[in-house]
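Undergrad: Each protein sequence line maps, in turn, to chains A and B. The first sequence begins at 1172 in this note's numbering and counts up one residue at a time. The second sequence begins at 153 in this note's numbering and counts up one residue at a time.
No lab work stands behind these hints: they were computed from the structure. Fair warning: this is a prediction, and the values are worked out from it, not measured in the lab. No residue lacks a Cβ here, since even glycine has one placed at the ideal position from N, Cα and C. Watch out, some of these pointers could steer you wrong.
[Unchecked claim] Okay, the calculated beta carbon distance ranges per label pair: (1) Asp1237/A with Gln169/B: 46 to 52 Å; (2) Asp208/B with Glu1186/A: 40 to 46 Å; (3) Ser1239/A with Lys230/B: 40 to 46 Å; (4) Lys230/B with Pro1252/A: 30 to 36 Å; (5) Leu250/B with Val1264/A: 31 to 37 Å; (6) Glu1216/A with Arg216/B: 38 to 44 Å; (7) Glu1174/A with Thr157/B: 25 to 31 Å.
[Stated by the list, open to error] Calculated lysine-lysine pairs in the DSS-like style (CA-CA distance at most 25 Å, straight line): (8) Lys1241/A with Lys230/B; (9) Lys196/B with Lys230/B; (10) Lys167/B with Lys230/B; (11) Lys167/B with Lys1173/A; (12) Lys1213/A with Lys193/B; (13) Lys1213/A with Lys230/B; (14) Lys167/B with Lys1241/A.
The residues making up each chain are set out below.
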Amino acid sequence: QKEVEQDPGPLSVPEGAIVSLNCTYSNSAFQYFMWYRQYSRKGPELLMYTYSSGNKEDGRFTAQVDKSSKYISLFIRDSQPSDSATYLCAMSVNSGNTPLVFGKGTRLSVIA
Amino acid sequence: EAGVTQFPSHSVIEKGQTVTLRCDPISGHDNLYWYRRVMGKEIKFLLHFVKESKQDESGMPNNRFLAERTGGTYSTLKVQPAELEDSGVYFCASSPLLPGLASRSSYEQYFGPGTRLTVT
């Protein structure tokens, strides 16, 4: 069983739609949860960071963590064509100075 | 401020040859990580430097891979001899030892654009 499972998509939505991206994980020791966004031919860029369970909102983006279900989500409201990218979930056991464990990434296309 | 840079952006070599990838982290970042993404798979951790010391090399696939970080600045990852299964995108990431005020997380890892390695 992989440590982190993420549906690779691709996912195609119309502009303005609400997008839901999800990951499940098996390692209950994970405490730090991140969403990275990667544009084509670029490196991953941190989008959202959450510690333990709960919600975090940043503009049009909301990250949710449910540790009891080992399930994390990223919601994008009012999606824009510029949101078209690959979204990667990543996790770590400790904060800082530790390697990240990634999901495969979900490729998202927002159609104008 | 310059981000993490990697060189070359793309390398095509034949099986059995040697390739050296270079990463220049953000100035002042003592943590340096190497990751790799093989086609169709997730990004996987290779190793972690703190300054010039190898903190964790548990992800290195075998002894054909050699990473160095002389003087705690830039790092190189050498593959010798290269095999077909080494093809993929190699990412480097860096982070400070202590969180900065501008960081969106305690210890955000900043990624470079990657080096695409193709072994034929």
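Undergrad: Confirm or reject each hint.
TA: Status of each hint after checking the structure:
The hint said 46 to 52 Å for the Cβ distance between Asp1237/A and Gln169/B, and at roughly 48 Å that hint holds. A hinted range of 40 to 46 Å for the beta carbons of Asp208/B and Glu1186/A is consistent with their spacing of about 43 Å. Between Ser1239/A and Lys230/B the CB atoms are about 45 Å apart, so this pair conforms to the stated range of 40 to 46 Å. About 41 Å separates the C-beta atoms of Lys230/B and Pro1252/A, a value inconsistent with the hinted range of 30 to 36 Å.
Roughly 19 Å separates the CB atoms of Leu250/B and Val1264/A, a value that falls outside the hinted 31 to 37 Å. Here the CB-CB span from Glu1216/A to Arg216/B is close to 31 Å, at odds with the stated 38 to 44 Å. About 30 Å separates the C-beta atoms of Glu1174/A and Thr157/B, a value consistent with the hinted range of 25 to 31 Å. A C-alpha spacing of about 37 Å is found between Lys1241/A and Lys230/B, which places the hinted pair above 25 Å, so the restraint is violated.
Note on Lys196/B and Lys230/B: the hinted pairing holds, with a Cα-Cα distance of about 17 Å set against a maximum of 25 Å. For the hint pairing Lys167/B with Lys230/B, the CA-to-CA distance comes to about 14 Å; that is within 25 Å, so the pair holds. Proximity of Lys167/B to Lys1173/A is assessed by CA-CA distance (about 29 Å); at most 25 Å being required, the pair is judged violated. Only pairs whose Cα atoms come within 25 Å are accepted, and Lys1213/A paired with Lys193/B is accepted, the gap being roughly 17 Å.
Between Lys1213/A and Lys230/B the CA atoms are separated by roughly 22 Å; this keeps the pair inside 25 Å, and the hint holds. Our distance criterion of 25 Å between C-alpha atoms is broken by Lys167/B and Lys1241/A, whose separation comes to about 41 Å.
In this structure, the earlier hints numbered 4, 5, 6, 8, 11 and 14 are contradicted, and the remaining ones agree with it.
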